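**Student:** One-letter residues, chain by chain:
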Amino acid sequence: MTTSGTGTAPPNREQVRQAMTARTPRNYVTWITLAFMITSSVASLRAAPTMAVYGLAAVFLYVVPALVFLLPTSLVSAELASGWSGGVYRWVAEGLSKPLGFLAVWCQFAMTIFYYPSLLGYVASTFAYVINPALASNGVYVAIVIVVIYWAGVWVSSQGTKTVAGLSSAGLIIGTLIPAAILVVLGIVFLGQGNQSAAPMDASHLLPQWTGIASLVLIVNNFLSYAGMEMNSVHVNTLRNPGKEFPRAMFLAIGLVLVIFILPAVAISWVIPADQLSLTAGVMQAFDAFFANFGVSWLTPILGLMLIAASIGGMLTWLAGPSKGLLTVAREEGYMPPFLQRLNKNGVQQNILVAQGVFTTVIALLYAFIPDVSSAYWILSVITTQVYLIMYLLLFVAAMRLRRTAPDHPRGYRAPALGVLCVVGFLASVAAMIIGFVPPAQFSSGSVWTYILIVGGGLGIIGLLIPWLFLRLRKPSWRQPAPEVAATDEPEA
Amino acid sequence: MTTTTPSHEAGRGTGGQRRWITYTAAAVLLLLLGAIMMIQFAGHQDRQDEREAEQKAATLHAAFADIGITAFSEETIARVLGSDGGGFCTDPAALVDATANLGSANGAAGPGLRPSVLDERRLEGDRLVIETYCPDQLDEFDAYVDSLNLDDTTTQPTSDPSTDASTEETS
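Line order of the protein sequences matches chains A and B. Each number in the working numbering corresponds to the 1-based position in the first sequence with 38 added. Each number in the working numbering corresponds to the 1-based position in the second sequence with 14 added.
If you're looking for bench data, these hints aren't it; they were derived computationally from the structure.
The following label-pair restraints were derived from C-beta to C-beta distances:
#1 B/63 x A/336: 12 to 22 Å
#2 B/63 x A/465: 52 to 62 Å
#3 A/468 x B/164: 25 to 35 Å
#4 B/84 x A/336: 21 to 31 Å
Okay, the calculated bits of chain A under chain B, using three or more residues with CB under 8 Å as the criterion:
#5 143-157
#6 324-338
Some but not every residue of chain B turned toward chain A, in silico, with C-beta under 10 Å:
#7 41
#8 44
#9 52
#10 56
#11 82
#12 123
#13 125
#14 129
#15 132
#16 133
#17 160
From a predicted model like this one, the values you see are computed outputs, not experimental measurements. Each residue gets a CB set at the ideal place from its N, CA and C atoms; glycine is no exception.
Extracted from the complex, chain A is given alone in its bound form (with noise of 0.2 Å):
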């Protein structure tokens, strides 16, 4: 397998050590792209119509998660970013150990596997309803979408990080920020015709009802609407000054984030009444009835293009991410054979991503071929959260320890009170790890300790066993260090 981006001869060791340290002028971003890749990471339209069900409460449902999960996450990674290059795993590492910190990074990497065949399903779905609604069960269309738009994902990652920030930044404009604003404008229209808005608005029915574990479970699970908002510090060294613009991005993020998950929701609450919202199958019958109150049917492939740029450009944004964060721990500590660490002329960690892909295509086989796969495809979405929760966990402790062990490095922000937003967050993921181990109505089969017993097994194979193994037969003669380049190496203004 080449290492070449291009098929050309393998870079030698300096174009390899350049490449890392990555802090030549061609290749940064600016903080403004880079806060549109955290926010394409983790927010578009596909939540907005499930949302919208809940009416003026979907305002609660996710500003709620927002201070106990979003602040905490956004605000700790931030001040960790400004301080310290190399994403979670340099974090974790100087915080509590280097084997937490290949941890932390294996649990976020292990994640984006099995996220990416829902992902793609998702698209390969939209794609199908516009086109020929049929085609959405044919394993043959599933399998082809998801391996073609996979491994085109992974050829454009492997062109580098500025590359993969246009493309990223590109579908989060064309294809949720844009629609965002059409939805809401179609909604305010819809109200200044003089039509009163489905769903009430007025203070009573701002928090949904108290009902018991349903509510909490709701409450809870909405918690994960913010996870992924860390997995693009791993980039921070692409700024001209990280310590200043990181948290100036991540700001920006959480902004654009709260505006993309509950704008659109109430929107769509304005016209279509929750009962109505709930008789449609899937995220696009959704759209295409909003659009039909208005007559304009016609946006409704337009919307449905748009959403699959916007699912794309997110793609691309996990594969640069949780890999490079991956490649950094494994070169420095030999936890990978160094067929893995090598890396393309424009410092992308390509045989990281292959190997990925391998897997990736196996398991995507799986989901479009084996009905029963897809079906139960759900039980790894939530074994997969679960793991990616054990990252959080050791991403809040090790913030902690840094401020105690460490408060003098130089950091470009200090997060406030970062006590409190870590114990916020700490006690938030152990919630909605908790509550991954409610089982949900797809179970059908078995009892509620069988349920703690497949998805507490997952997460034991997923999360420990083979991080486990990574450790335990690594060689001291795979590492190969590259220079290190610290986030706040250059002055502050």
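Fit chain B to the given chain A structure using the hints.
**Tutor:** For chain B alone, coordinates are given in the frame of chain A:
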């Protein structure tokens, strides 16, 4: 979106040029895809039997009214579901996916997506749609619903649908 590259930077021309080729190819591909989607979507709508679509929409509207569900207008139902039920009738498996994706997922749009509470009103309404548009798939749908564990983590309709989801009750 990205910063301007200094003209003296070695290798900039090749990298920048390749990047713009990628951007252009992506844009062309997107436009092509958009054209296909517009044409196919319009074609699919044209192929629908208008009279049959209106009849089925009226039947469905009445069925919703009978169980107290606020329904789309008949015109909107006809436009969205056509005469063949659209996404509802492609395959029960697709419907199961749709239920998992829309009716019972949390509010995440990224990697945090996972199943959340299932609104039982949805199942009741779904059944009516299938009964109207593709009754041959009803048995399979019923089997799916029977397999669900409709317990503490689900919700069911209130006596007054107009109060929407904010007044959900646990089953």
